[in-house]
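Chemist: Chain residues, written in single-letter form:
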Amino acid sequence: MNSVHSRLSLYLLFTPFLLWLALLIIIPHIFMFLVSISVKTGVREYVTGLGNYMVFFTEPLYWNTFARTAFMSISATFLTLLIGFPVAYYIAKLTRGRTKTTLFLMCLIPFWVSELVRTFGWMILLRETGIFSSFLQYIGLASEPIEFLYNDAAIMVGLVYTSMLFMVVPLVTTLDSLDDSLIEAGYDLGGNGITVLREIIIPHAMPGIVSGCIVVFMLSLGNYLTPILLGGKDSLWFTGLIYDQFITRFNWELGSAFGFLLLILSSTIVWAGLKLSGQSLTDTVGR
Amino acid sequence: MIRTLPQSNTFKWTYRAYVTLFFVYLALPLTVVCLMAFNNSVFPSLPWEGFTWAWFFGDEDPFIGVFNDRSILRSIGTSMFVAFWVSLLSIAVGTTNAFLFVRHDFKFKEFFYILMLLPLIIPGIILGISILVFSNAVANNLENATGMWFDGLRPGLPLVILGQFSFIATFATLVISARLEKFDRSLEEAALNLGATRLGAIRQITMPFLFPAIAGAGVVAILMSFENFNTTLMLVGSDAPLTINMFDRLKLGSTPVLNAVSLLLIVVSALLGLVSLLFQKRDKSS
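Residue numbers (the numbering used here), protein chains in the order written: chain A, 1 to 287; chain B, 1001 to 1286.
Hints were generated in silico from the structure; no laboratory data involved. Nothing here was measured: the structure is a model prediction, and the numbers come from that model. Just so it is clear, CB atoms sit at the ideal spot from N, CA and C, and this is done for glycine as well. A portion of the hints provided could be inaccurate.
[Unchecked claim] As a list, the in silico DSS-like pairs of lysine-lysine whose alpha-carbon atoms are at most 25 Å apart: (1) B:Lys1182 - B:Lys1109; (2) B:Lys1182 - B:Lys1107; (3) B:Lys1182 - A:Lys275; (4) A:Lys233 - B:Lys1182; (5) A:Lys100 - B:Lys1012; (6) A:Lys93 - B:Lys1251.
[As the list claims (entries may be wrong)] Covered, in the sense of this in silico footprint (three residues per stretch, anywhere, with C-beta under 8 Å from a C-beta of chain A), are these stretches of chain B: (7) 1018–1026; (8) 1078–1085; (9) 1161–1168; (10) 1262–1273.
When you get a sec, could you build the whole thing from the sequences and use the hints?
Modeler: Quick look at the structure:
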């Protein structure tokens, strides 16, 4: 009786799970793959082939943008880690009680706000008639308006800003679990700040570093708003190309191929990051 | 570098200055967005032309405030509609998923668990285009076969809801599972011993215990749905949710009415965020 019951409830619970996953994730991706390997030969005529992928590899604009997106996402990830680590360490180790909670909350709040609003804020700050430019003129460091917007540095600022939370939160969590006495022991045994950092703190924080980096990289790679709004005419981003193919040019076959390439790149990096650090996906994103 | 160890003053102050600078960096964009909402100028930029409420309540061209801007009000309504359904669907599937993974053992459970996490690592824009391609293929086939129209499968709000739900369901599952794992099964067994049916025990004992997590997941789902851009962008039809509407205006260059909307968004999301934290706190304390 009991096992029949549990069988039944297993099936009942499995149905919504399977419907959700199959209809919204798995089958759509299979379809996207199928569309990406169909090459248009005439009006409503298609043959199966890798033509769309060939277009990607033979057109420098496309693979240059792909490489650029990957490279800038990696740089943004490192910058976020570099900027975020000291702050996470400060929150985890040098504050406590109410201050700690407040600082941690202050890190969270900007990210409850829409990414669009955050990017809009940077536009107001950086543009020619913006706050920075006006301020520099006011204090006399510049004689005429300066355009900070529409270049790669602006994209970088936006990407780092948008991803910061996803780096700081896992870092604070792992650093919090590091026992102070281990750091003391490191000093007692004759270590200085740098050796303690290298031998004790960083190895301990590794899980947090890896999960932070993975999430930040994925978010940067898949970002659309920041590069489009903060970048200039030449600052292409791969998601922008996908959007163009789908919505502007209505070339879904090529767009799907691009989508698949982006998915492969993103999954490869996630997989490599997990392999290198010996962690599982469940520990990293399934918190 | 811990509190108990002495550090040189220079180091301590440099470190503090750095952390302060970091928080200035975090707060700066949001602060200027909010301040510019009160600037009496048709551009959201300096110079400061004086304080005004016009971008909230104004009704004279070009000073049309949020509360008199039809297209913005309509898109807020659209976003609320989408968020409501996304949150409802995510809570429902999140709860059944939680029971599935916490209470049951089955073949390939690990594998299915990883599948459940997949939506988190797929870029939003790709979730969007894959659902677009699939629903379009289904619609074409159905229309060829039946001769009827299937508008629900063309870009539009139903697809936006499904697209957002596809990944928000994973977050809901994680939040609700975490709570269900902490549940003491003996409470349910006690109810069964006292003559409750299985469903009765779940309804009267387990669900009240899960409630903070379910409500928290619902709030997070609403927040994520309201803010979602990438997936929505690929699936949107003629009714634009708020983020899409704002994006279109931002590209064209707009009056500070956008700042006013942003200010309202910041206030509402901060409040919702705090509500979800409160639910999590209750989660931990009990």
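Chemist: Look at each hint and say if it fits the structure.
Modeler: Verification of the hints:
A distance of roughly 20 Å separates the Cα atoms of Lys1182 (chain B) and Lys1109 (chain B); the hinted pair therefore holds under the 25 Å criterion. Restraint check for Lys1182 (chain B) and Lys1107 (chain B): satisfied, since their Cα atoms lie roughly 24 Å apart, inside the 25 Å limit. For the hint linking Lys1182 (chain B) to Lys275 (chain A), the alpha-carbon distance of about 30 Å lies beyond 25 Å, and the restraint is violated. At roughly 52 Å between alpha-carbon atoms, Lys233 (chain A) and Lys1182 (chain B) are farther apart than 25 Å, so this suggested pair is violated.
The suggested pairing of Lys100 (chain A) with Lys1012 (chain B) holds, with an alpha-carbon distance near 17 Å, which does not exceed 25 Å. The hinted pair formed by Lys93 (chain A) and Lys1251 (chain B) fails the criterion: a straight-line CA distance of about 43 Å is larger than 25 Å. Chain A is given as covering the region 1018–1026 of chain B, and this holds because 6 residues of the stretch bring a CB closer than 8 Å to a CB of that chain, at least three being needed. Counting residues of the region 1078–1085 of chain B whose beta carbon lies closer than 8 Å to any beta carbon of chain A gives 0, which falls below the threshold of three, so the coverage claim is violated.
For the region 1161–1168 of chain B, the assignment as covered by chain A holds, since 4 residues bring a beta-carbon within under 8 Å of that chain's beta-carbons and 3 suffice. Given as covered by chain A, the region 1262–1273 of chain B passes the check, having 7 residues with a CB less than 8 Å from a CB of that chain where 3 are the minimum.
Of the numbered hints listed earlier, those contradicted by the structure are 3, 4, 6, 8.
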